[in-house]
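Protein chains: 2
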Amino acid sequence: MREPLRIAVAGLGTVGLEVVRLLRDKRDMLADRAGRPLDVVAVSARDRTRDRGLDLSGYTWFDDAAAMAAEAPCDLVVEVIGGSDGTAKEVCAQALSAGRHVVTANKALLAMRGEELAPLADQAGRTIACEAAVAGGIPIVKGLREGLSANRVSTVFGILNGTCNYILTRMEATGQDFAQILTEAQELGYAEADPAFDVDGVDAAHKLAILAAIAFNARIEFGSLTIEGIRSVSAADIMFARELGYRIKLIGLAEYIEGNPEPQLALRVGPALVPKDGPLARIDGVLNAVVVDGHAADRIMMVGAGAGGGPTASAIVADILDIARGQTSPVFGVPTGGLAEMAVQPIAERNGPYYIRAQVVDRPGVLAELSAILRDEDVSVESLIQRGRSANEPVALVIVTHDVDEAAISRAMAKITAIDSVLQAPTVFRIEPSLG
Amino acid sequence: MREPLRIAVAGLGTVGLEVVRLLRDKRDMLADRAGRPLDVVAVSARDRTRDRGLDLSGYTWFDDAAAMAAEAPCDLVVEVIGGSDGTAKEVCAQALSAGRHVVTANKALLAMRGEELAPLADQAGRTIACEAAVAGGIPIVKGLREGLSANRVSTVFGILNGTCNYILTRMEATGQDFAQILTEAQELGYAEADPAFDVDGVDAAHKLAILAAIAFNARIEFGSLTIEGIRSVSAADIMFARELGYRIKLIGLAEYIEGNPEPQLALRVGPALVPKDGPLARIDGVLNAVVVDGHAADRIMMVGAGAGGGPTASAIVADILDIARGQTSPVFGVPTGGLAEMAVQPIAERNGPYYIRAQVVDRPGVLAELSAILRDEDVSVESLIQRGRSANEPVALVIVTHDVDEAAISRAMAKITAIDSVLQAPTVFRIEPSLG
Numbered sequence: 001m002r003e004p005l006r007i008a009v010a011g012l013g014t015v016g017l018e019v020v021r022l023l024r025d026k027r028d029m030l031a032d033r034a035g036r037p038l039d040v041v042a043v044s045a046r047d048r049t050r051d052r053g054l055d056l057s058g059y060t061w062f063d064d065a066a067a068m069a070a071e072a073p074c075d076l077v078v079e080v081i082g083g084s085d086g087t088a089k090e091v092c093a094q095a096l097s098a099g100r101h102v103v104t105a106n107k108a109l110l111a112m113r114g115e116e117l118a119p120l121a122d123q124a125g126r127t128i129a130c131e132a133a134v135a136g137g138i139p140i141v142k143g144l145r146e147g148l149s150a151n152r153v154s155t156v157f158g159i160l161n162g163t164c165n166y167i168l169t170r171m172e173a174t175g176q177d178f179a180q181i182l183t184e185a186q187e188l189g190y191a192e193a194d195p196a197f198d199v200d201g202v203d204a205a206h207k208l209a210i211l212a213a214i215a216f217n218a219r220i221e222f223g224s225l226t227i228e229g230i231r232s233v234s235a236a237d238i239m240f241a242r243e244l245g246y247r248i249k250l251i252g253l254a255e256y257i258e259g260n261p262e263p264q265l266a267l268r269v270g271p272a273l274v275p276k277d278g279p280l281a282r283i284d285g286v287l288n289a290v291v292v293d294g295h296a297a298d299r300i301m302m303v304g305a306g307a308g309g310g311p312t313a314s315a316i317v318a319d320i321l322d323i324a325r326g327q328t329s330p331v332f333g334v335p336t337g338g339l340a341e342m343a344v345q346p347i348a349e350r351n352g353p354y355y356i357r358a359q360v361v362d363r364p365g366v367l368a369e370l371s372a373i374l375r376d377e378d379v380s381v382e383s384l385i386q387r388g389r390s391a392n393e394p395v396a397l398v399i400v401t402h403d404v405d406e407a408a409i410s411r412a413m414a415k416i417t418a419i420d421s422v423l424q425a426p427t428v429f430r431i432e433p434s435l436g
Numbered sequence: 437m438r439e440p441l442r443i444a445v446a447g448l449g450t451v452g453l454e455v456v457r458l459l460r461d462k463r464d465m466l467a468d469r470a471g472r473p474l475d476v477v478a479v480s481a482r483d484r485t486r487d488r489g490l491d492l493s494g495y496t497w498f499d500d501a502a503a504m505a506a507e508a509p510c511d512l513v514v515e516v517i518g519g520s521d522g523t524a525k526e527v528c529a530q531a532l533s534a535g536r537h538v539v540t541a542n543k544a545l546l547a548m549r550g551e552e553l554a555p556l557a558d559q560a561g562r563t564i565a566c567e568a569a570v571a572g573g574i575p576i577v578k579g580l581r582e583g584l585s586a587n588r589v590s591t592v593f594g595i596l597n598g599t600c601n602y603i604l605t606r607m608e609a610t611g612q613d614f615a616q617i618l619t620e621a622q623e624l625g626y627a628e629a630d631p632a633f634d635v636d637g638v639d640a641a642h643k644l645a646i647l648a649a650i651a652f653n654a655r656i657e658f659g660s661l662t663i664e665g666i667r668s669v670s671a672a673d674i675m676f677a678r679e680l681g682y683r684i685k686l687i688g689l690a691e692y693i694e695g696n697p698e699p700q701l702a703l704r705v706g707p708a709l710v711p712k713d714g715p716l717a718r719i720d721g722v723l724n725a726v727v728v729d730g731h732a733a734d735r736i737m738m739v740g741a742g743a744g745g746g747p748t749a750s751a752i753v754a755d756i757l758d759i760a761r762g763q764t765s766p767v768f769g770v771p772t773g774g775l776a777e778m779a780v781q782p783i784a785e786r787n788g789p790y791y792i793r794a795q796v797v798d799r800p801g802v803l804a805e806l807s808a809i810l811r812d813e814d815v816s817v818e819s820l821i822q823r824g825r826s827a828n829e830p831v832a833l834v835i836v837t838h839d840v841d842e843a844a845i846s847r848a849m850a851k852i853t854a855i856d857s858v859l860q861a862p863t864v865f866r867i868e869p870s871l872g
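For the record, the sequence lines run as chains H and U. If you're matching positions, the first sequence starts at 1 in the working numbering and goes up one per residue. If you're matching positions, the second sequence starts at 437 in the working numbering and goes up one per residue.
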């Protein structure tokens, strides 16, 4: 058996501890599979005195994670500190400069700083492995980069945030609104005290940016993504969507659009109506799912736990095993210099159907006024539901449109919001029929 | 860019041609991803004169595939001839002896002769890559061997044969019986003229044997699998199953059973009742799905097209790309010498619930007689449906049991079959509640 692979772990939160535990508990099995032992040699966290319920005395302790990455006698650094800048970035840069591989669960780092870090890896002849950064224990990074490497991918989409999916699932099951279920999710540990990263779609967008870079071998500018979260989804929307044959999910979608003269990428995260018989409609609770449409393989879906210590550690240790076997790939599937520069479709040009819910005071003429605005903007209505019937009480007016550019929807909504009898800006969600 | 990887293709049926076409049509994309061109240099099939709708004039032609494997100046041989012996086996043996890698879609070969061939690969320092042998375009071999390599797998199960799944789906949709739908499937090209391999469960068993070897790093004796097909499933069974909250699917299942003193593997393929809300119940038509329960990653499911030229070629070319990148793994995850010898649980010891349908003449006392037999064998009844009520007409008696050993069920069925009023041997299917 070959010499051990020496591992340093930066960050000892839930995931970091689970990585250390997994490497220790399954040491023999992993050595058999890797062809060599996988040995933790050093660890780092901010507070050395804290009792973490795990004996760490056999490993060299570093208070300074970046110093560990540079100086510990190791082959590989696991970065599970988190954050797109500061220590996490420094740890990765130091590790690569010192000729160590990096294994990370840090989606923000990859999505925001991947462009800086990946060339460092290429230069050092090392890799930044990031299976754990997308969809937890689901081996989608490997699946996309290697398992589906023969495919020209047309679309990759999915449910990429378990917190949002849990909240939407519970809103549908209980009929309660976002705020109530968010509190429940926080109590259960499915949502952070500050939930913004999850519920505003940022976390899903980080993952989507990584998936898109791999799927299309393209340089993804994170700022070019359209990102919306789920705070605007109400229990009423979920109910209306169901009535119309859809479910509302937070969807991340990256699509290759053949263009004239140049192709474009559509890159968006937001609540969307998906067909109730489609593959994503039945992915409930904290599960994640990723679907890839490839020209040869057709549609492939992968489902599993998108977060948590065990699943994330599973992905990290799988990456470690690959490195131990000498099987490393460029971070985004091709060397950084080979990544394509692709235009991103402005969201205003997204063409498709929309769901619109306006709260209106039920006075004569409101519907006529609203219909005229839609007509003037060439927005054609496929179906309409009006619910609530006491005079002068607000009623919900729900409209499903035919395919139309998002720009026309935006113009129409500005005008509709200005109508006196319309109580607030209407709620608008994309309908994604092609995900069915 | 490095020197080209030279490829010889043995077999020019649908899959072989699709491989050649994919390598040609996506040549630049594949070269970018592989870091080197992937060049077909030689092809072989029985009939050189046949028009295959593809220009093959640029490749050296061999009438003798084994000679090509031995003599063509290539780095890798794609074997898509099929069959567990004869030419296919000879091609693989010759290729490995000559120091070429093998990429194959041949599940029979791997399941039946893997034990002979894998050591040849180990000795030659080459690999037999077999992503295409299991579940078509779904990257489950890679997912299991690499993506989930950090996991002690407890169970791997799934829908591994698209023909059977199509037939069962259509039987449920139409209420028609097996024979009628088989004819339909044959007309649509979803079933072979001789459907035995598919409908008798042999094809699914080949795939299960490969998955089990990888999941458990164990030597799998193909003869140790329990294999049943779907000919015994009737439209009535599908209807009763639905009434009871289940769907009937052809399930392949490999389970690690902690034992005293030694662990065992359960290895079986057969029609089974799975919970209607479980992950497999909604996999319809020709789709395949594989579920892996890992100790760290939890439950991961992969779904996709299990057959067809495009999906199979997708898997083959992904394997070729891995080899071009120098990323090869032992066939079953660890070197052949390291595969564990594990006992297989005799099917008589399978413990779980069962579905039983007996056709009985509705005479007084039949139910009492039948119940007494079940009681004597300690088979406890969870629910019972009796349907059909005209005197002296055959009626269906459907029983769902509590957990019981299969041996007791077999003994009880032998006695029940001997009852005069029971018209034929009852239909018995396993219920697999843990797959829900």
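Errors might be hidden in some of the hints.
[Unchecked claim] Now the in silico label distances, taken between C-beta atoms and shown as ranges:
| id | chain 1 | residue 1 | chain 2 | residue 2 | range |
| --- | --- | --- | --- | --- | --- |
| 1 | H | 263 | U | 486 | 31 to 41 Å |
| 2 | H | 180 | U | 839 | 39 to 49 Å |
| 3 | H | 380 | U | 464 | 35 to 45 Å |
| 4 | H | 180 | U | 700 | 46 to 56 Å |
| 5 | U | 762 | H | 71 | 47 to 57 Å |
| 6 | H | 52 | U | 461 | 51 to 61 Å |
| 7 | H | 85 | U | 488 | 50 to 60 Å |
| 8 | U | 519 | H | 326 | 44 to 54 Å |
| 9 | U | 699 | H | 85 | 25 to 35 Å |
| 10 | U | 762 | H | 85 | 30 to 40 Å |
[Stated by the list, open to error] Sample of chain U residues facing chain H (criterion: CB under 8 Å; computed from the structure):
| id | residue |
| --- | --- |
| 11 | 575 |
| 12 | 814 |
| 13 | 816 |
[What the hints assert, rightly or not] Computed footprint of chain U on chain H, listed as stretches where at least three residues anywhere in the stretch have a Cβ under 8 Å from a Cβ of chain U:
| id | region |
| --- | --- |
| 14 | 24 to 32 |
| 15 | 145 to 155 |
| 16 | 294 to 301 |
| 17 | 304 to 317 |
Derived by calculation from the structure, the hints in this document are not laboratory data. Where is the CB? At the ideal position from N, CA and C, for every residue including glycine.
Note to self: A closest beta-carbon separation below 8 Å is what the hint needs, so does residue 814(U) meet it against chain H?
What the structure shows: 38 Å, violated
Margin query: I want to verify a distance hint. Is the separation of the beta carbons of residue 380(H) and residue 464(U) within 35 to 45 Å?
Written below: 41 Å, holds
Checklist line | 8 Å C-beta criterion, at least three residues: is the region 24 to 32 of chain H covered by chain U | finding: holds (count 4)
Notebook entry, point to check: Range hint 50 to 60 Å: satisfied by the CB atoms of residue 85(H) and residue 488(U)?
Noted result: 57 Å, holds
Note to self: Is the coverage entry for the region 294 to 301 of chain H by chain U consistent with the three-residue Cβ rule at 8 Å?
What the structure shows: holds (count 8)
Note to self: Taking 47 to 57 Å as the stated bounds, is the beta-carbon spacing between residue 762(U) and residue 71(H) within them?
What the structure shows: Given range 47 to 57 Å: violated, Cβ gap about 31 Å.
Item checked: Status of the given 25 to 35 Å range, CB of residue 85(H) versus CB of residue 699(U) -> 48 Å, violated
Check: Minimum Cβ distance from residue 575(U) to chain H below 8 Å?
Finding: Where the cut-off is 8 Å and the nearest Cβ of chain H is about 2 Å from residue 575(U), the hint holds.
Checklist line | Whether chain U covers the region 145 to 155 of chain H (at least 3 residues having a Cβ closer than 8 Å to its Cβ atoms) | finding: Per the Cβ count (7), the hint holds.
Checklist line | Beta-carbon spacing of residue 519(U) to residue 326(H) - inside the hinted bounds 44 to 54 Å or not | finding: 34 Å, violated
Notebook entry, point to check: Does residue 816(U) pass the interface hint, meaning its C-beta sits closer than 8 Å to a C-beta of chain H?
Noted result: Status violated, d = 33 Å.
Notebook entry, point to check: Counting residues of the region 304 to 317 of chain H whose CB is closer than 8 Å to a CB in chain U, do you get three or more?
Noted result: holds (count 10)
Going down the numbered hints, you'll see the structure goes against 5, 8, 9, 12, 13, while the others check out.
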